[in-house]
Amino acid sequence: MLILKDLGKTYVNGVRALDAVSLDVPPGEIVAVVGGSGCGKSTLLRLVSGLDRPTDGGVVLDGDEITAPHERIGMVFQEPRLLPWLTVAGNVGFGLAALAAGERDRRVAAQLARVGLADKAAVWPRELSGGQAQRVALARALVTRPEVLLLDEPFSALDAFTRADLQDHLLDLWHDAEPTLVVVTHDVDEAIALADRIVVMRPRPGRIAAEIAVDLPRPRDRDSAVWDAVKRQVLAALNGAREGRPTATAEAAAAWW
Amino acid sequence: MTADADTLRIAAPAQAGASGRPRRKEGRRRWRGVALGLAGPVAAAAGWELAVRAGLSDGRLVPPPSRIAETFADLAATGELARHTVATVLRVAAGFGLGALAGTLMGAIAGHSGLARSLVDPTLQALRAIPSIAWVPLFILWLGIFEASKVALIAVGVFFPVYLGVMGAILSVDRKIVEVGRIFRLSGPAMVRRILLPAVLPGYVVSLRAGLGLGWMFVVAAEFMGASEGLGYLLVDGQQLGKPAEIVAAIVAFAVIGKTTDWLLVAATAPFLRWEDVVAQGETG
Ligand SMILES: Nc1ncnc2c1ncn2[C@@H]1O[C@H](COP(=O)(O)OP(=O)(O)OP(=O)(O)O)[C@@H](O)[C@H]1O
Ligand SMILES: [Mg+2]
Chain A
1 MLILKDLGKT
11 YVNGVRALDA
21 VSLDVPPGEI
31 VAVVGGSGCG
41 KSTLLRLVSG
51 LDRPTDGGVV
61 LDGDEITAPH
71 ERIGMVFQEP
81 RLLPWLTVAG
91 NVGFGLAALA
101 AGERDRRVAA
111 QLARVGLADK
121 AAVWPRELSG
131 GQAQRVALAR
141 ALVTRPEVLL
151 LDEPFSALDA
161 FTRADLQDHL
171 LDLWHDAEPT
181 LVVVTHDVDE
191 AIALADRIVV
201 MRPRPGRIAA
211 EIAVDLPRPR
221 DRDSAVWDAV
231 KRQVLAALNG
241 AREGRPTATA
251 EAAAAWW
Chain B
1 MTADADTLRI
11 AAPAQAGASG
21 RPRRKEGRRR
31 WRGVALGLAG
41 PVAAAAGWEL
51 AVRAGLSDGR
61 LVPPPSRIAE
71 TFADLAATGE
81 LARHTVATVL
91 RVAAGFGLGA
101 LAGTLMGAIA
111 GHSGLARSLV
121 DPTLQALRAI
131 PSIAWVPLFI
141 LWLGIFEASK
151 VALIAVGVFF
161 PVYLGVMGAI
171 LSVDRKIVEV
181 GRIFRLSGPA
191 MVRRILLPAV
201 LPGYVVSLRA
211 GLGLGWMFVV
221 AAEFMGASEG
231 LGYLLVDGQQ
241 LGKPAEIVAA
251 IVAFAVIGKT
261 TDWLLVAATA
271 PFLRWEDVVA
281 QGETG
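Line by line, the protein sequences give chains A and B. Start counting the first sequence at 1; every next residue gets the next number (the UniProt record's numbering). Start counting the second sequence at 1; every next residue gets the next number (the UniProt record's numbering).
In case anyone wonders, no lab produced these hints; they're calculated from the structure. Glycine is no exception: its CB is placed at the ideal position from the N, C-alpha and C atoms. What you were told as hints is all true, and nothing was included just to trick you.
Looking from chain B toward chain A, a few residues come up when the C-beta cut is under 8 Å (computed):
(1) I177
(2) E179
(3) I183
(4) F184
Quick list of the computed label-pair ranges, beta carbon to beta carbon:
(5) A:A122 <-> B:R117: 33 to 43 Å
(6) A:G58 <-> B:D174: 26 to 36 Å
(7) B:R117 <-> A:A229: 52 to 62 Å
(8) B:S187 <-> A:D6: 25 to 35 Å
Just chain A, with the same shape it has in the complex:
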């Protein structure tokens, strides 16, 4: 169980990026975090990952207080952040340095096959397309078998085609070990495609504005009426979350978004 308790973060420049965020995420749940730019989504993930320390509250995973990066918490960033001096296989095996070479190679090969890039093992990151690079980044995070995987707008730099593909692919990969996923996204459709629960945030300071359960069976049909209903609900919450604007109709919100 991943527990965020009264998380708050004030940066050294005085910006209150996050305030009193509490969230319990049971094992295996997929949570999507949506919200406008600057409402603290990345800050939230960085605190959970242990890359940054909160100024208030804390993060606890199965009883361990997270104060630094943790071996059971993985992270995928918006950019693939592959190490250019390592081959694709070298990148995927980066977090497995403690394993014997044979075991490491075996796991890397299996994971690469799993993301459909077995034929790219010996290739340099420069030679990959954006979608392939992000799949390598996914493989690098998943190969260590994290209990919690944090993804910060992982597909936002990709074109719509590749993005939809990778969303399906992520769900498929999730079935392997069913880790807890926390996905930050700007894209409401992406949130609905992936999540069991959508957390809507609002800015200044970053807080949770609403939580919306997505009880749709998988695979989910993007053209269905229930999808649209959930989408309207999320957009309304997003719209209400933006300060200084009167609550408008979901249609207007959709246009703005």
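Given the coordinates of chain A, work out where chain B with the ligands should sit on it, guided by the hints.
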């Protein structure tokens, strides 16, 4: 975008798209570039040779290639060429070693710690503004006219590009990539070995090459200030005795050895920089 190819690959992951890179073709293209680059100088040399043979010029001040080759062969046969070359190479090696070592250490310290940078960088930048040849009289006063002052001058020339290169490379290491190391909980030494060193290496090699180039420049200056052997001595000797062929032979020797040492440096580091190849080839292609 390559989205379509990407999508196809997802649909058929088993399809082996063995990424055959056209190495052969690139190799041929590179040779073509070399040949084109050589065309001008070779034509000029051949033209001059023919002009002298035809009696259009006596070639006394500008010796034709054949006379330079002759002088070269003579110098090589008597062992003079080897003696002077060894003397020069040893000076450059000593000066480059000292300068590169000092530059690497100072650059690493200044790149690592903001406090150290504030302490030493302004001073070093001020010293760098001094034309290095201006140190010569002082070095001779301090270190005598023999090897020590020559090596010191070369070392000063090598130091600055290496210092600046190492500091710059360390400062420009991508924070985002360091975070990847943190996420995988690398210890301090592992972070240096697995993230920082590889990230810094390309910039470091560039700065070493720049330093080596300056080392070859400064050895000439050092040997002008009074030497009894060395390729720079051959230059002075050729001028004083009115032997242009000897001067040109020495220049050619400088060019060949300078290029060879640069190539050795590149070859020695190439195995660690193979990942950069792709870009380099893409640019020349
Ligand atoms: N390192 C930092 N130092 C100071 N302020 C920061 C820092 N990182 C973020 N902030 C501020 O904290 C607030 C939240 O930023 P954060 O990056 O978490 O937002 P976000 O929701 O991820 O935005 P986006 O959707 O644009 O990625 C912003 O006002 C931002 O300017
Ligand atoms: Mg963000």
